[in-house]
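Asker: Chain residues, written in single-letter form:
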Amino acid sequence: MRAPAAGGAVLTVRDLHVTYAGGVQALRGIDLQVAPGETLAVVGESGCGKSTLATAVLRLLPASAAVRGSVDLAGIDVYACPPGAAKRIRGQIAGLVVQDPMSAFNPVMRVGEHVVEARRLHSRQAAGQALWDWTVGLLRELRIPEPERRARQYPHEWSGGMLQRAAIAAASVNRPRLLLADEPTASLDASLAVDVVLGLRERLHTQARGADEAPAAMLLITHQLGLAAQVADRLAVMYAGRVVEVGAAAAVIGRPRHPYTRALVAAMPRPGAGLPEPLEGELPPLTPAPPGCAFSARCRLAQAACAAGPPPPLVDGVACPVVTGAAA
Amino acid sequence: MAVSESAIEATAGTAPAAAPAAALAAPGARRFRTLRRLLAHRSGVLGLAGLLLVAFVALVGPHLTPYDPTEVNILEKLQPPSAAHPLGTDYLGRDLLSRTVDGAHRSLGTAVAVVGAVLAVSIVFGCLAGFAGGAVDATIMRVVDVKLGLPGLVLSLALVGTLGPSLGTLILALTIAQAPWYIRLIRTMVLRERERPYVLVARVHGAPPVAVVWRHVIPAVAGQLAVLATLDLGSVVLAVAGLSFLGLGVQPPAAEWGAMLNDGRITFALHPLLMVVPGACIFFTVLCANLCGDALRDVLDPTWQRGREGRR
Amino acid sequence: MTLLVWALLPLTPGDPAERTIRGRGNLEPEPAQVAALRQELGLDRPLPEQYAVWLSKLVRGQLGISYRSKQPVERELASRVAATLLLAAGGVVVAVAIALPLALLAARHQDRWPDQAARMFALVGTSLPSFWIGLLLLDLFAVRLRWTSALAKPDLAHLPLPAFVLGLGLASVLTRILRAGLVGELGRRYALVMRARGAGQWHVLVRHALPNASLPGINVLALGIGGLLGGAAAVETVFTWPGMGLYIVDAIGARDLPVVQGFAVISAGIFILCNLGADLLAMTVDPRLRQQAQR
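So the protein lines, in turn, are chains A, B and C.
Per the numbering used here, the very first residue in the first sequence carries number 803; after that it's consecutive.
Per the numbering used here, the very first residue in the second sequence carries number 5; after that it's consecutive.
Per the numbering used here, the very first residue in the third sequence carries number 18; after that it's consecutive.
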């Protein structure tokens, strides 16, 4: 049923453009790949198009948004397949966890029922005691105290951290190949954040029980570089709708090359690295996006040529001709 | 007097009144923008044009009608439409066209009178409750709560039943039935406005409460009230016609659409115009008022604007 | 609060002098007879005493004696209340039956033709005078098509037409509120999350958005039933439906004050019960309201 993905990747995004009805160019040519079992973190300031990426992968953008490019999920072309197939992709091949768990639950439905429903959307399993017991077991695995009682409660009776774990349970209940986590910790305390993300990874690894099955991959979208550094294998840095740097997480953070990545890393508080330097300036307007490198207006290394012509392509994982020496 | 006109006067007229308070200059400018946006709202313009048409007929028409709308001519009863009587005559030989035009005057006039009375009463009591506070506030709000415990139409029926049917009673009954909502609303707005810095400044400087209300509070709430009044105009026209239809409002022989409808129902099978014309007039007027009100609400309240956020 | 409404009710209508003058004008012109009648009806006693007597009777379920028929008002009204309640129930059923599918379709196909159609329906429905459309439909079905008789009996067979006419206005209001609520809920984050789990648009709409959007709808419905009680007067007159509304119009014509008062009391009672019912219904839908009530 699950065809092996083209080139082995779980997710392949090619030259993805998304323009909203108001003319905002949220994504301007994104190329990304996620390998099985890998955790790719996409980092950037709010407004850089990260969340649009998550909804675009699932083909859940508003009908009025214009999409160009392709998204390939486990061998299925998301935008070329019929809507029914797109529906099966969601929840079965890719799960979604969003920020602010309180708003991600239907307030008049019991927490356990959310998990049951997520399961039944992709299986013929009848709603009954067996499925309920299974749900309670799942919540117990995720270290929810008193899962029998808790499952019968409503979302507002749960704490944010617990609810996010339930959201993870509901998103991974059909053992998807890829989990899209869109700022899963943005509304949680810092101490909970790592806990939740580690729980996420643990879940992805424990659910792959068969030897033939690789653990699920994760696309972690976050503005917290520190969190990404802790859990991600690879890192993609986004700015104004484009990926400006991509590479192994340790390398990108240890030796940032793109001026924007350098600024981000410098703004990240780290022990023994002195005071963080806040990032100056604001994101450029995206209606329409400026010509040339979008970061050039804030860039310390900017040259005259940076603000003209087409935006620089990714060369060797960095979209900056000044740094790679292609220019000058 | 058309309420649509008064609504615009109210929205536009607030700008000069607000000029002394610097803080209100911006809202004043916003209201002009509101007017412009209203004029760009297609269905809103249609409704406004329709209402102005009815208002024009109501104001000018009665002087132009070929016949006295209450003149009985039994020899010419139930005439079909002809050159002499473009819409025919009713069961007493009265000219239908003349009565319809005269009815516009009475139906719309009564509704506007009700809306005006509601606004006047509720501004007085709302401001009184909001500004006086204490026992006055408590008394007014208790009466309001009791009134809200009864459906408006039931209350109107009970009042008309007690005081006896007449045009005056009708206006009084509908005013009393509508006012509680407005009083409560205005009180809330006054409570909010009175804490604004410029109102506090005026009060500290010893301005009498009436002056503060007149200069600061009323301009601030006028726009919202105009929207509400326009939205309500349609339902008030319906209520006036409905009660008159039941014989509880405008009394014969005066021409009023609801009452004319009731006259026409007996002979409807043979002379449908007698009922269709006044009914269509009520429908048209209410439709235009509702279009206008919807447009005003769309324009003033961005959350009501239909977003293009449908998901694929 | 409930008690307050009831207690203040007889104070609402007019002043006592006016009442008596009106009463005299319509009953008997002979002064001696009037005096006797006034004594008989207790109108010669001071107002507070009248009120106290009226109130104490009210507590025992008595609404006074009709001026016209000399019968207890509660007995006069009893059968008519049932007829009106049947009509109002029919109106509510019609309103929900029209508004629910229309609002769902409008929200599902937002800004496309079903949405425009629903908007148009809501606009026309709130603008149509019920008595006018009632008369037109009555003429069409009873006189021209002869499908039903023009004289209605208060039973289910004669219910559809008057119930439709009565429910039309409420259907429009309900459509508008539900549509706005559904569109609002679909814009919430949980709707996106449900879709991301593989739920279809109808599933999200009916299973998730509708229960949440129905909460304001329930309130509108309860307020709307109050409107139906008043609106029933016109519809009952058109269809000669022997309910409370038709009766009250007659009573007003005859200045039968106890009947008018009784009508107001009964309507207020029904209205309060409806609001109570709406609160209970909202509580069964929304667990947060349940817990508020428990606290």
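Possibly wrong hints are sitting among the right ones.
[What the hints assert, rightly or not] Label-pair distances were calculated between CB atoms; the ranges are: (1) 1102/A to 133/C: 49 to 59 Å; (2) 871/A to 200/B: 48 to 58 Å; (3) 85/B to 133/C: 49 to 59 Å; (4) 223/C to 936/A: 24 to 34 Å; (5) 1090/A to 43/B: 52 to 62 Å; (6) 235/B to 936/A: 44 to 54 Å; (7) 824/A to 133/C: 34 to 44 Å; (8) 1089/A to 53/B: 33 to 43 Å; (9) 1090/A to 301/B: 32 to 42 Å; (10) 133/C to 270/B: 51 to 61 Å; (11) 301/B to 1056/A: 27 to 37 Å; (12) 233/C to 43/B: 49 to 59 Å; (13) 819/A to 294/C: 33 to 43 Å; (14) 922/A to 43/B: 47 to 57 Å.
[What the hints assert, rightly or not] A few chain C residues that don't get close to chain B, going by computed Cβ distances all over 12 Å: (15) 150; (16) 189; (17) 259; (18) 271; (19) 309.
In case anyone wonders, no lab produced these hints; they're calculated from the structure.
Cβ atoms here follow ideal geometry from the backbone N, Cα and C, with glycine treated the same way.
Asker: Against this structure, judge whether each hint is valid.
Answerer: Hints, verified against the model:
A C-beta distance of roughly 54 Å is found between residue 1102/A and residue 133/C, which places it inside the suggested range of 49 to 59 Å. For residue 871/A paired with residue 200/B, a C-beta distance near 51 Å keeps the hint of 48 to 58 Å intact. Under the hint 49 to 59 Å, the C-beta atoms of residue 85/B and residue 133/C, about 36 Å apart, miss the expected range. In this structure the supplied range 24 to 34 Å holds for residue 223/C paired with residue 936/A, their Cβ-Cβ distance being about 25 Å.
Our hint of 52 to 62 Å for residue 1090/A and residue 43/B is violated, since their Cβ atoms are close to 31 Å apart. Checking the proposed 44 to 54 Å range against residue 235/B and residue 936/A shows it holds: the Cβ atoms sit about 53 Å from each other. In this structure the hint that residue 824/A and residue 133/C lie 34 to 44 Å apart at CB is violated, the actual value being about 22 Å. A C-beta distance of roughly 36 Å is found between residue 1089/A and residue 53/B, which places it inside the suggested range of 33 to 43 Å.
Roughly 34 Å separates the CB atoms of residue 1090/A and residue 301/B, a value that falls within the hinted 32 to 42 Å. Between residue 133/C and residue 270/B the C-beta distance comes to about 39 Å, which lies outside the given range of 51 to 61 Å. Checked against the hint of 27 to 37 Å, the C-beta distance between residue 301/B and residue 1056/A comes to roughly 57 Å, which is inconsistent with it. Range check, residue 233/C to residue 43/B: about 31 Å between beta-carbon atoms, so the 49 to 59 Å window is missed.
Separation of residue 819/A from residue 294/C is about 53 Å and departs from the stated range, judged on CB atoms against 33 to 43 Å. Under the hint 47 to 57 Å, the C-beta atoms of residue 922/A and residue 43/B, about 53 Å apart, fit the expected range. In this structure residue 150/C is not separated from chain B by more than 12 Å, as the shortest Cβ-Cβ distance comes to only about 8 Å. Not every beta carbon of chain B lies more than 12 Å from that of residue 189/C, the smallest distance being close to 10 Å; the non-interface claim is violated.
With a closest Cβ-Cβ approach of about 16 Å to chain B, residue 259/C is found to remain outside the 12 Å limit, as its non-interface label requires. The non-interface label for residue 271/C is inconsistent with chain B: the shortest C-beta to C-beta separation is roughly 10 Å, within 12 Å. Residue-level check passed: residue 309/C sits 21 Å from the nearest beta carbon of chain B, beyond 12 Å.
Hint check: violations occur at hints 3, 5, 7, 10, 11, 12, 13, 15, 16, 18; the rest are consistent with the structure.
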